[in-house]
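Enquirer: We have chain A already, so just place chain B on it with the hints.
Chains A and B are the protein sequences, given in the same order. Note that our numbering has the first sequence beginning at 504, numbered continuously upward. Note that our numbering has the second sequence beginning at 8, numbered continuously upward.
Hints in this document: simulated from the structure, not taken from any laboratory. Heads up, the beta-carbon is just placed ideally off N, CA and C, and yes, glycines get one too. Please note that a few of the clues may not be correct.
Facing chain B, a subset of chain A residues (Cβ under 7 angstroms, in silico) [what the hints assert, rightly or not]: (1) T546; (2) P571; (3) G579; (4) P580; (5) M583.
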Amino acid sequence: MVHHMRRTTVSFIGLTAVAALTACGAHVATLVAPGSSPAAQATLPPSRPLGAAAIMPTVPPNPGTLTPCSQLPFPGPVAMQDQLHDCWVVEPAGSSDLSRYEFFMGGTSPQDRQQGLLIFERPTAGGSQNVYSVPGHGGDVTVYLARWSFVCYKVASGAEGEFDAETATFVTDQARVGTDCGKAS
Amino acid sequence: MRRAFLTTWLRPRSIGLLATLVMAGSALVALAPPARAYVGPVSQSWYVTAADLVGSGGEIYNEGYNAPSGPQVVFLQAGQVCVTGGGGSGFLTYGGGCQPTYNVAYAVQWWFYGFQQNPAHRGSNYVVLCVTTSNGTSSNTTDNYRVAAEGLYEDLVNQTVVYANYLNAGSPNAHYVVAGGIDAETSWDKPNEVSGWLVGWLNKRATLSTQLNYGADGAYYGTCATSSCWNSPIDHGWAPSQMYAVYYGWPGANSYPQIYDNTWPAIYNDLNQAAASAGKAQIPYTGVMWGCGTGGNEPNANQAYSDFVAGAHQSPSYLTLIHSLSKTC
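Chain A extracted, bound-state conformation (with noise of 0.2 angstroms):
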């Protein structure tokens, strides 16, 4: 079996051992402002406004999407360890606010299989805990629908529920579950 990468490596360190001999090692870059002394003057910041930088929000037309759970600001290792699936991200529809970016996952824990798990987080969120046990021990959790501040699920046992991620606590209200999640279910 031929290892792509293998080959690739051995060839490009070749190349690059060649440009680093042949390098003037100029390693130093211009300064800004040339002709102004930076240390005659109070340091100055970035150049350009951030306001300037022509960032186009391109939020997506479904406020809750099923994502890759690769693509998600949480650790691959742990990811895996978890067994983490269908994994969400929520950005409401029509919204310019790129603070309003949540994301939701489900699995088990790894020390108990039967300890189901969801994961939670955003931005401004206010708790320090991304992890959430859920209630009922009835194994691997699989999120089913999520919408911002709130997301549904369902235990390999067959229960479903909601996790209310404005007050990061799971609903008791079995009627409030019903009308969140019910149509979807």
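Expert: Using the frame of chain A, we list chain B on its own:
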């Protein structure tokens, strides 16, 4: 030992130099009993979100301003690779879709500015900022990875390095160093994808006069410690030799294994044992990365470091804590 590793960040590493460092690293590892406890600042690494990019620098400035004092390596991780609508290099940002890499290269300058503005940082010596590509989805093409890395390299040289050098020419609190980074994770990324990123990165490193290093803060799960597996795909299609190349074999490489669980350090010891068995030098791991709020059984960065020392039998020069997306832990 810290000073020895700093040289790997600051010098372009030719093959000759690489060989020297390999020998030096191996000798140090063999002769000096590893210190269990980490001594030095625990650097604070962060995810860069789209909200950070449009926030007039405030959040990223604060992250620089509030960083600890002292020599350190910081990872600012902005998202996986993407190609913009115009065919340019991009980061698939958290909350803002595919953004050009130059937006990120601009934004991270505010970290340096924030660090510089805090008088408590005076005398911090070398401070390295790794602008990092997140792990991928295995749905990108090798060519996309290459384009993204080439663009990132150029943007860092044209923007971030210029600003770092502007600061360095004044009365800096530290000597600011710009680097790249890739979160190469065997469970997500395929070897050919990471290879694409590295080929793009090294293309630019070989052709531009400014030579940047990169930090690999990925994760690996191979458990084979002999030469029999060296070239075999034992971990999600990855061979130990391929991970070795990412962590150490490529010019300018620096390694930051993610340690969230106390069983993982042994994996990195196995990788070095396999390397030794195959006649290769040991990887002198540059640092340890620990992340908060993940549910891993390592309770904090310092404990993760101590467990790495015990399991991998090395005392890396650096330790970093990558915060959660929420930035609340």
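Enquirer: Is the interface hint for A/P571 satisfied, with its Cβ closer than 7 angstroms to some Cβ of chain B?
Expert: holds (4 angstroms)
Enquirer: Does A/M583 pass the interface hint, meaning its C-beta sits closer than 7 angstroms to a C-beta of chain B?
Expert: Interface hint status for A/M583: holds (5 angstroms vs cutoff 7 angstroms).
Enquirer: Should the interface hint for A/P580 be scored as holding, given a Cβ-Cβ cut-off of 7 angstroms against chain B?
Expert: holds (4 angstroms)
Enquirer: Take the shortest C-beta to C-beta distance between A/G579 and chain B; is it under 7 angstroms?
Expert: holds (4 angstroms)
Enquirer: If you take the shortest Cβ to Cβ gap from A/T546 to chain B, is it below 7 angstroms?
Expert: Since chain B brings a Cβ to about 6 angstroms from A/T546, closer than 7 angstroms, the hint holds.
When the structure is compared with the earlier hints, no violation turns up for any of them.
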